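Enquirer: Construct all of the structure, not just a fragment, from the sequences and the given hints.
Note that the protein sequences, when read in sequence, are chains G and W.
When we follow numbering that gives the first Met the number 0, the leftmost residue of the first sequence carries the number 0, and every step to the right adds one.
When we follow numbering that gives the first Met the number 0, the leftmost residue of the second sequence carries the number 0, and every step to the right adds one.
No lab work stands behind these hints, which were simulated from the structure alone.
Keep in mind it's a predicted model, so treat the numbers as computed, not measured.
There may be inaccurate statements among the hints.
[As the list claims (entries may be wrong)] Dumping the calculated DMTMM-like pairs for lysine to aspartate or glutamate here, alpha-carbon to alpha-carbon at most 20 Å: (1) W:307 x G:823; (2) W:308 x G:555; (3) W:305 x W:30; (4) W:307 x G:703; (5) W:307 x G:760.
Read off the chains here:
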Amino acid sequence: MKKKYILIFSKLLFAAGVFMFLHVKSNAQNIQETLINGKFQKTNMEDFFKTIDKEYNIHFYYKQEWVKSRLINQDFKNTPLIQALNLLFDQQSLTFKFFQNNSVVIYPKASDGKTLSGIGEPSIIVIGDPLNQGRYNSARLKGKIVDGKNNEPLAGAVVFHPQTGIGTTTNAFGNYELELPTGDHTLQISFMGYEILSQKIKLIESGKADFELFEETHKLDEITITGESAKASKAQMSMVKVNSRIIKELPVMMGEADIIKSVVMMPGVQSVGEMASGFNVRGGNTDQNLVLMDGAPVFNTSHLFGFFSMINPDAVQDVTLFKGGIPASYGERISSIMEIKLKDGNSENLKLYGGVGLINSRFTLEGPLAKKKKSTFLIGGRTTYSDWIMRQSRNAQFMNSVAHFWDANGTLNLVLGQNNTLKLMGYASNDVFNLNSNSLYNYGNLIGSLNWKAGISKKLLSNLNLSYSKYDFKLEQKDADQTENDYHLLTGLQYGSLKYILSWLPNEKHRINSGFQAIGYKILPGEIRPAGSPTNVITEKISSDQSVELGAFIDDDIDLSESTALNVGLRYAHFLNLGPGTVMKYDPNQTISTTTVIDSTTYSSGEIIKAYKGFEPRISLKISGNNNSSFRLSYQRIHQFMNQVSNTSVMSPADFWKSSDTYVKPLISDQFAVGLFRTPRKGLYETSVEVYYKNLQNLLEYKDGAVLVMNKHVETDIINAKGYSYGLELFMKKNTGRLNGWVSYTYSRTMRKTDNKFDEDIINAKRYYPSVYDKPHDLSTVLNYQISRRWRFSGNFVLASGRPVTLPEQKYVFDGKQVVYYSDRNKYRMPPYHRMDVSITLDENLRKKRMWKGSWTFSIYNLYGRKNAYSIFYRKDASIQQVNKTTNAIYKLSVIGVPVPSITYNFKF
Amino acid sequence: MKHKKKYNLKTIVWKTGQFIVGVLLFASCEEYYTPDLDNAESMLVVESMLTNDISKNFVKLSKTKDFYSTDPDEVITDAKVDLLESGSNTITAIQEANGYFTFSKVAVPGKTYTLRIYYDNQTYESDPVVMPAIPTIDSLYTEHRIDKTYSTDAYGVPFEVENPVRDVRVDVPISAQVKYFRFTWRAVLEWIYLPPMNPFKVIPPYYGWKSKYDIGNFNITGQGNYTGSSDIKNHTILSLSYDTRQYLDSTSQDFYGWIVMIDQFGITKDSYDFYDAIDKQFAADGNLFDPILAQIPTNLYCKTDKTKKVVGFFNVNSYHEHRYFIRTGSAYGGEVIQRKINRYPDIPDNGYLIGEYPSFWESY
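Expert: Encoded structure:
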């Protein structure tokens, strides 16, 4: 154990020192040749260093505990320093490095086949018996690459030999294998988000070498990771990856790290504003994002009407968001795929960590299932005590309100063999709230998944995913005066999926993925039940909606040349809307409405009501240039057969899902994107420019005054629309240094058009109009500053165009009351949105071996109290009597118009 | 001696938690917003009602104006208005005042009516509307209730205000011919003033009255969502405060009783949706999950030019007036009186008589 700490410390030390050492290597000769003199019999090694420091102004850097018990017995007379140190450390477990022109770093020697990680040139690993040197021309090197922190295998890590261009990637179990000429080599081992390891090896004969990589975040001054993921193709673009550390560093409301709010800071990703659940990618609706948690979809991604994401941030390993160039193995939604990978659990130690906030708390426990076993578990949960706080208040408005949530998650990672793992995941959540009203909202998710990864052979990998997701919503409508009319409204859906991917790696230039997916949906669009007895309420249920979505896919990740990578894929989507059900036939000469029904057809259980099918080509190309730059382009087509039906600006938990059917056609999106990417100054900076264009077919719009809840013929209130989106995304990030962060700017437009035959189905006279998510300008800035080893400051600033809004343009009097006539839909725009948040964190003490480690985060959301518009509306008068309020006016509502401070205590045990 | 207020960590955390919950849930703030708005072409506004009571049949024509306009309403005088009754002749309306038209005929339940307007070389027409059956009330009663409203203090912190009131409620039967209703009301407060005693002269009492009108949103009701009930129960028409001083002009006036005049209209589903849309427009608060703003529906359109827009509604309502005498008692008890009045004399807005009861006066 002690050795492990030593190793980690040495890595940190190395990371701090070797960079400078490399830059002064050419000048290091002077210090090495410094002639030293002195008698050092029975002298403590530390005293020796101090003497040299004093007399020759040569500084030594070391950890005191390494040298405190070491004595030396050596005299020097005009001895070069390098020779002296060689004598001293020859039989020691320590070694040394020179850096700058006046310093020496002392650190432990590697004692086994594993390497010291970090930047630099650790010791050479000898593979094979030295007696066999020269016997073979080439040899096969294989081994495993693991996360040095928890020994978890890293799938997709790259092992590369720059001299020959030979390289390979690790399989799902972190194993690699490649053939190299025998001799001395320097291998580069890399994995996204981890320090690149340059390792010298002496390859004598075929053998094994395992490597450990460490997250970049282990370094104090590094914060973030974006780039290519394990599953991403080399040609992948339009992808955002955020790891758990960056999620936690962003200042957020309530001090609670938030996945979605972190992603929203990236280019091309926007949010409607406060109190908005979900996110919008490249102008798409919230329901056009597929959020997968270990492969299982999440149908409601927020707690407490959008203030919290539904996932415990402590349980998250990383989040990958595909905005474009979506791999063929993914379908279902047209805007984006967000893949949330939950942690497997720590394989070494049992760990407890969590946080205590002012209105909610969370905990996570992870560890190995048994000693010396690789199988691990993780369980976690969150809950809020806002209800209890409100009940203590004397304010009746608070006392009459309810707002609480809880969630629980767990993973079980079973290692069945060297190349065989099974991961089980479970998640449950529940939200309840009402805001001083008669309507109590109650909703929750129940999610589970099974992921079985197995290596069939060296070149064949099998990946099976079974997932289940259930979302239930209940509205409890109560009226104290008319209890006999109280009712419950229920909506929900169930989702089950089987997905199988077979990966074939015929050679280093190809990685072929093929597979299939079968999804079953069962939607409950609405059901009314009496809330008590006696009752006037009649139980009423809209027939459930059953459907099956089938997909088959294949893609090939091809290295065309050293500088060109191509990913070509094809997905076939087949959708079946199934009975039982009754489909109305409407008069083709009139708009669809309940009064234009001319016939109906009834379908029995399992009978196909409507089928849709289509091919979805995917292609991504990357051409690398000089100076760490690359040009990339991609095209994708995706069908979406499920829509969330909503005529509100902000998605509500009550909004139900609707599958494609006879009248609701599948959404089809074609997206083209091109981009230029650069990582200047050896990755210190990361820059990108992306341009995209999306063509959208069969979008859902709604007729004026549409009533969607409990509508047996919802198609009568739906209008078919088409649209397009385009945008320019700029991104610049500084990855390292005490001051780091990023700036992203997006210019984008999202337009809609109804081009239908009947007047009732036309919006804005068939002209293009902006969608409610059209926010042309969006600037996000994130800044982190490591004030000291323990104090850290973070701040972010967002500036975005206001979203489109419909405003009253004319007025008239009816029955003595002033009524307004609204403008064309989304003709006007809200004031610009801007906000600054800051936080300061006192991190745990890294040096002390404490069992209990804690950190404090103090944050202020909306630092300068900007009253950003949540909604603009017209009304007769205010519900709360206030001075200077008059009737009949346009009002602007700000949800968070004040700075909101919070403090959170996070702990580890 | 001054006591220092002690704040420990627990108190600070506690208060901060409450503040944050408050911010999360209620600290939203509203302010006026005056965006630049385009000037738009004005549209024809049709406000019309046709009932079985000739005094309530009219058509008012005017034009819309820009949202910020402070000009008086522009009435339309050069229009011709016709009423088409199914199976009968066309009746042309008479313009009694600028833009105000009346019909010389009452509508009949069960018959279908269409409104046609000729204006500015265009023809506007309504959808045909079937007049509902005459509505009735099963029973009227009163209920004690604490009316809770919220006000804010100087710091913007909301606090609750309680006002005990007596609700006047009705149960309304539903039939296949009339399922939706609209109510308007007028409450006439009867008061008595007894002058100071004068040993030399008999000074008679004053019998006065004062009207309180319905200025709220449209009071509509109908068969409840998802219910199969054959009547509507507990529908509140108005609320009368026990504290009648707030309605009287002088502390020397003594409350005597209320004459509550209720106009009940049987309306169509389309009319219900029209009034409901206006109520929703007035009651919008921009809150969570509000629907996207929608235009108020209309059952009128321009026959000759589809691009011409028209706003308003042609209401064909059945009508029934109800009168009740009510004494509310007090918030702490007292006798509550309510009885039906079976006569319908006109009552001026306010006034008094000395030494004699007005002809409409009701006693308990």
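Enquirer: Next step is simple, just say for each hint if it's right about the structure.
Expert: The hints, checked one at a time:
A C-alpha spacing of about 15 Å is found between residue 307 of chain W and residue 823 of chain G, which places the hinted pair at or below 20 Å, so the restraint holds. A threshold of 20 Å between alpha carbons decides the hint, and for residue 308 of chain W with residue 555 of chain G the separation of about 57 Å lies outside it, so the pair is violated. With a C-alpha separation of about 38 Å, the suggested pair residue 305 of chain W and residue 30 of chain W falls outside the 20 Å cut-off, and the hint is violated. The hinted pair formed by residue 307 of chain W and residue 703 of chain G meets the criterion: a straight-line CA distance of about 18 Å does not exceed 20 Å.
Among the hinted pairs, residue 307 of chain W with residue 760 of chain G is consistent with the structure: their alpha-carbon atoms are about 17 Å apart, no more than 20 Å.
Figure legend: structure checked against the earlier numbered hints; hints not met, in rising order: 2 and 3.
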